[in-house]
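Colleague: Okay, here's what each chain looks like letter by letter:
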Amino acid sequence: MARDWQPDFERLLEEHQSMVFSLAKRMTGDRGLAEEIAQDVFLELDRHLSRIESPEHALFWLRRVTMSRSADALRRRKVRGVDLWVEIEEQHGAPAEDRMSPLGARVEALLATLPEPQRAALVLRYQEDLTPEEIAKTLESPLATVKSNLQRGLKLLRAKAESHLKEFVRNGRTVENA
Amino acid sequence: MDEPWKTPEPMDEFERELRQSMLRRPAPPSLTRRVLDARSRRRTERLHLRMVWLQRLAASVVLAGALGGGLAWRHFDEQKKGEAAREQVMTALRITTRTLNDLNARLAERNKADGE
Numbered sequence: 001m002a003r004d005w006q007p008d009f010e011r012l013l014e015e016h017q018s019m020v021f022s023l024a025k026r027m028t029g030d031r032g033l034a035e036e037i038a039q040d041v042f043l044e045l046d047r048h049l050s051r052i053e054s055p056e057h058a059l060f061w062l063r064r065v066t067m068s069r070s071a072d073a074l075r076r077r078k079v080r081g082v083d084l085w086v087e088i089e090e091q092h093g094a095p096a097e098d099r100m101s102p103l104g105a106r107v108e109a110l111l112a113t114l115p116e117p118q119r120a121a122l123v124l125r126y127q128e129d130l131t132p133e134e135i136a137k138t139l140e141s142p143l144a145t146v147k148s149n150l151q152r153g154l155k156l157l158r159a160k161a162e163s164h165l166k167e168f169v170r171n172g173r174t175v176e177n178a
Numbered sequence: 001m002d003e004p005w006k007t008p009e010p011m012d013e014f015e016r017e018l019r020q021s022m023l024r025r026p027a028p029p030s031l032t033r034r035v036l037d038a039r040s041r042r043r044t045e046r047l048h049l050r051m052v053w054l055q056r057l058a059a060s061v062v063l064a065g066a067l068g069g070g071l072a073w074r075h076f077d078e079q080k081k082g083e084a085a086r087e088q089v090m091t092a093l094r095i096t097t098r099t100l101n102d103l104n105a106r107l108a109e110r111n112k113a114d115g116e
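So the protein sequences, as listed, match chains X and F.
So that you can map any letter, position 115 of the first sequence is 115 in our numbering, and since no number is skipped, the others follow by simple counting.
So that you can map any letter, position 24 of the second sequence is 24 in our numbering, and since no number is skipped, the others follow by simple counting.
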């Protein structure tokens, strides 16, 4: 069957590099490693380009392979312990477009301390705005597991935030507003 | 069971901040160039590898041709030598036969003369 849509590698790279990089960065907590993963993912896409059927398929494929590659990278490499304040210090050295609010940086750093399956579910939920069903397909996990990871991950993250970011959770006020 | 993704109530400050901090971050500006360079490099390597394989294939064909030609020539040469040897044996046999026939004829003549 002839396809109307033909994949254009450079266009896919341009459109999705931010998504791929962000997923890898949040999964690994390491900017350099995230860049390597993003590069590998796109080179893999180039190899599989003839099998990509639609823009949606490309997006799904990129998310799935990025999460899988990030998980592989985490298994290969023992991730360093995350120190919130070191992370925030590192923000000063990051490119201007990469800087976020101190609170955002802290939340992201806290996220990096969660168990990998919970982190994966939360990243896909809150970054990519996917439903649990879509997350289950992307991660190739049972739906019940994904729902459980979402619930536990959010609970754990909230608990960590309560102990680390007291000024933020108090009465729902943010650091910036305080 | 609490299902945070359904968010039946407005998100609290924490979830809003979580979503806000989870916005996609711009990829490093160098990523596009790095990917395209790596892709180009890999294609060049693949092309080079293909050329190497083609060269190996061509060399194998030439080698097989030379080997086959050599074997054919050897077979032809052996056949030719065999023919020559056979011809020599046949000549020798012919000479022997003729000699024996002459000898036989002479013996027959002598026996005839002795009988008379």
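I should point out that these hints are in silico values taken from the structure, not numbers from a laboratory.
Nothing here was measured: the structure is a model prediction, and the numbers come from that model.
Just so you know, even glycine gets a beta-carbon here, dropped at the ideal spot from N, CA and C.
Among these hints, one or two may not hold up.
[Stated by the list, open to error] Derived Cβ-Cβ restraints for the label pairs, each shown as a range:
no.	chain 1	residue 1	chain 2	residue 2	range
1	F	Glu15	X	Thr145	19 to 25 Å
2	X	Thr131	F	Gln55	50 to 56 Å
3	F	Pro26	X	Ala159	16 to 22 Å
4	F	Arg33	X	Arg76	36 to 42 Å
Colleague: Next step is simple, just say for each hint if it's right about the structure.
Modeller: Each hint tested on the structure:
1. For glutamate 15 of chain F and threonine 145 of chain X, the hinted distance range of 19 to 25 Å is satisfied, since their beta carbons lie about 21 Å from each other.
2. At roughly 54 Å, the beta carbons of threonine 131 of chain X and glutamine 55 of chain F sit within the given window of 50 to 56 Å.
3. The hinted range of 16 to 22 Å is not satisfied by proline 26 of chain F and alanine 159 of chain X, whose Cβ atoms lie roughly 31 Å apart.
4. At roughly 26 Å, the beta carbons of arginine 33 of chain F and arginine 76 of chain X sit outside the given window of 36 to 42 Å.
Checked against the numbered hints above, the structure breaks hints 3, 4 and satisfies the rest.
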